[in-house]
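Chemist: Protein chains in written order, with my numbering: chain A, 1 to 288; chain Y, 289 to 452.
Bear in mind the hints are in silico, worked out from the structure with no lab data behind them. In this text, a Cβ means the ideal position worked out from N, Cα and C, and glycines have one as well. Hints are supplied without guarantee of correctness; some may be wrong.
Under the rule of at most 25 Å between Cα atoms (straight-line distance), these lysine to aspartate or glutamate pairs were calculated in the DMTMM-like manner [stated by the list, open to error]:
1. Y/Lys-424 <-> A/Glu-118
2. Y/Lys-416 <-> Y/Glu-348
3. Y/Lys-416 <-> A/Glu-53
4. A/Lys-204 <-> Y/Glu-363
5. A/Lys-61 <-> Y/Asp-359
6. Y/Lys-425 <-> A/Glu-210
7. Y/Lys-416 <-> A/Glu-118
8. Y/Lys-425 <-> Y/Asp-359
9. Y/Lys-425 <-> A/Glu-118
10. A/Lys-267 <-> A/Glu-53
11. Y/Lys-294 <-> A/Glu-55
12. Y/Lys-351 <-> Y/Asp-322
Which bits of chain A does chain Y cover? Going by a derived footprint, with three or more residues having C-beta under 8 Å, they are [what the hints assert, rightly or not]:
13. 4-18
14. 92-105
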Amino acid sequence: MTTMILWVIAYLIFAPLVGGILAGLDRIVSARMQGRVGPPILQPFYDVLKLMEKEALTVNKVQDFYVMCFLIFIIITGGFFFAGGDLLLVIFSLTLASVFLIVAAFSSNSPYAQIGAERELLQIMAYEPMVLMTAVGFYMFTGSFRVSDILTFGQMPLLYLIGIFFGYLFILTIKFRKSPFDLSMSHHAHQELVKGLTTEFSGKTLAMIEVAHWYENIFLLGFVFLFFVNGTPLGIALGVVVCLVAYFLEVLIDNSYARMKWQFTLKSSWVIAITAGFINLVVLRFMF
Amino acid sequence: MSYVTKSPWVIHYDGSSCNGCDIEVLACLTPMYDVERFGIINTGNPKHADVFLVTGAINEQNKGVVQQIYDQMPEPKVVVAVGICATSGGIFKECYNILGGTDTVIPVDVYVPGCAARPEAIIDGVVKGLSVLAEKKAAMGKKPVETAPAAEAAATETEMKEEA
Numbered sequence: 001m002t003t004m005i006l007w008v009i010a011y012l013i014f015a016p017l018v019g020g021i022l023a024g025l026d027r028i029v030s031a032r033m034q035g036r037v038g039p040p041i042l043q044p045f046y047d048v049l050k051l052m053e054k055e056a057l058t059v060n061k062v063q064d065f066y067v068m069c070f071l072i073f074i075i076i077t078g079g080f081f082f083a084g085g086d087l088l089l090v091i092f093s094l095t096l097a098s099v100f101l102i103v104a105a106f107s108s109n110s111p112y113a114q115i116g117a118e119r120e121l122l123q124i125m126a127y128e129p130m131v132l133m134t135a136v137g138f139y140m141f142t143g144s145f146r147v148s149d150i151l152t153f154g155q156m157p158l159l160y161l162i163g164i165f166f167g168y169l170f171i172l173t174i175k176f177r178k179s180p181f182d183l184s185m186s187h188h189a190h191q192e193l194v195k196g197l198t199t200e201f202s203g204k205t206l207a208m209i210e211v212a213h214w215y216e217n218i219f220l221l222g223f224v225f226l227f228f229v230n231g232t233p234l235g236i237a238l239g240v241v242v243c244l245v246a247y248f249l250e251v252l253i254d255n256s257y258a259r260m261k262w263q264f265t266l267k268s269s270w271v272i273a274i275t276a277g278f279i280n281l282v283v284l285r286f287m288f
Numbered sequence: 289m290s291y292v293t294k295s296p297w298v299i300h301y302d303g304s305s306c307n308g309c310d311i312e313v314l315a316c317l318t319p320m321y322d323v324e325r326f327g328i329i330n331t332g333n334p335k336h337a338d339v340f341l342v343t344g345a346i347n348e349q350n351k352g353v354v355q356q357i358y359d360q361m362p363e364p365k366v367v368v369a370v371g372i373c374a375t376s377g378g379i380f381k382e383c384y385n386i387l388g389g390t391d392t393v394i395p396v397d398v399y400v401p402g403c404a405a406r407p408e409a410i411i412d413g414v415v416k417g418l419s420v421l422a423e424k425k426a427a428m429g430k431k432p433v434e435t436a437p438a439a440e441a442a443a444t445e446t447e448m449k450e451e452a
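Between the sequences and the hints, there should be enough to build the whole structure, so can you do that?
Modeler: Printed below as a string of structure tokens:
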């Protein structure tokens, strides 16, 4: 019980720190890939602190409330996960958080924000089957949806869930908002939709979205980590290394692909979910 | 210390520029000059921007657009007029459709002359704008005190008019 509380507190404090530093590394590595020097590593923190200083400019009153709910539910999602809670509950509260962000974007009558919100809905449709299959895969392998049980199971899930692992890596691009799947909003100045989902948010509201994104990234990498635990320090080390490699891979993909249309996003992620994810589940059901 | 100077996000608007200055503005983002070193990002969104770069002179058609972009930017904000056309109207000053430089519509903080303004000059202009940005941030908290006498003056003015 105490270790559980300690993990949640550690998540609350360190996730935005590590997430922000990862975002800073992301920007430096991206810059180096483009032959530039890039910003200081603490730049994401400067950005957020600056946004906190800006004048509050909102289109309507409910907008900030919804964005606040988005941040709170992202934190709750990660909290459940790091407390060793139920994977299904984690996934459902993650979806709820995303819905709050979409409602916030819809609540402003800006056409850019609304198209961004519609695209975000499509992205949820694209990645959700694979996320659910990941949870189901862990259940079929360990016999429990609880993260704490998966951690103490003793065998490395990756060896039996290799298809699901690659499927999860695929949809991670959507969740990290990286090209080619950054349809609804991007960190770069692709100006096709102005700023998509976040067009109408500024100042503190935008800062909340940034911080929520850091929390979310850490929790999503936690899922990657879960594939490698086998109860030994070696598994933990391997998990952390693979998390960093996965993050680097996403940055590389981000810098080497143009944005795709939503049709491709939906088709490709469902095809991956069915081939890599579902076949893995069927094999798991009948082989072991 | 104010963090506005650490991450100035820029919005770039092309008034009636010949594109010379616009290309130089974009050149600032290339590996050669790489303004992201200073945390400068080119956003397409006035609501996220701190620095407003205007190129080209103001005419009847873009007057409203420039005004609207300026109004949509949250405080503190800085306007940098890039190139001689944005500064004063340049060689187009006498044209029938040209109103003049950017300062005919919105208050300008930094003028960067040149035809076209060199990327070094633009970066220098934005960096000069950062000190203005810091001053504006420092003045933000005091604003109600400053505006109060003005409002009082306006009130007395109307009273006087009523009496008259």
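Chemist: Given the hinted pair Y/Lys-416 and A/Glu-118, is their alpha-carbon gap at most 25 Å?
Modeler: violated, 41 Å
Chemist: With the threshold set at 25 Å, check whether the alpha-carbon distance from Y/Lys-425 to Y/Asp-359 stays at or below it.
Modeler: holds, 17 Å
Chemist: Check whether the Cα positions of A/Lys-61 and Y/Asp-359 lie no farther apart than 25 Å.
Modeler: holds, 19 Å
Chemist: A/Lys-267 and A/Glu-53 were given as a pair; does the straight-line alpha-carbon distance stay at or below 25 Å?
Modeler: Measuring from Cα to Cα gives roughly 42 Å; hence the hint is violated.
Chemist: Quickly compare the C-alpha distance for A/Lys-204 and Y/Glu-363 to 25 Å and report which way the hint goes.
Modeler: Holds, at about 13 Å.
Chemist: Tell me if the straight-line CA distance from Y/Lys-424 to A/Glu-118 falls inside 25 Å.
Modeler: Violated, because 38 Å separates the two Cα atoms, which is more than 25 Å.
Chemist: Compare the distance between the alpha carbons of Y/Lys-294 and A/Glu-55 with 25 Å, and conclude whether the hinted pair is satisfied.
Modeler: holds, 17 Å
Chemist: Just to make sure I understand the rule, a stretch counts as covered if three or more of its residues have a C-beta closer than 8 Å to a C-beta of the chain. Does the segment 92-105 of chain A meet that for chain Y?
Modeler: violated (count 0)
Chemist: Is the hinted pair Y/Lys-416 and Y/Glu-348 satisfied, with a Cα-Cα distance of at most 25 Å?
Modeler: Not OK: Y/Lys-416 and Y/Glu-348 at ~29 Å, beyond 25 Å, violated.
Chemist: Is the straight-line distance between the alpha-carbon of Y/Lys-425 and that of A/Glu-118 25 Å or less?
Modeler: At roughly 36 Å apart (the allowed maximum being 25 Å), A/Glu-118 and Y/Lys-425 break the hint.
Chemist: Within 25 Å, alpha carbon to alpha carbon, are Y/Lys-351 and Y/Asp-322?
Modeler: violated, 31 Å
Chemist: Do three or more residues of the segment 4-18 of chain A come closer than 8 Å to chain Y, measuring C-beta to C-beta?
Modeler: violated (count 0)
Hints 1, 2, 7, 9, 10, 12, 13, 14 from the earlier list are contradicted by this structure; the remaining hints agree with it.
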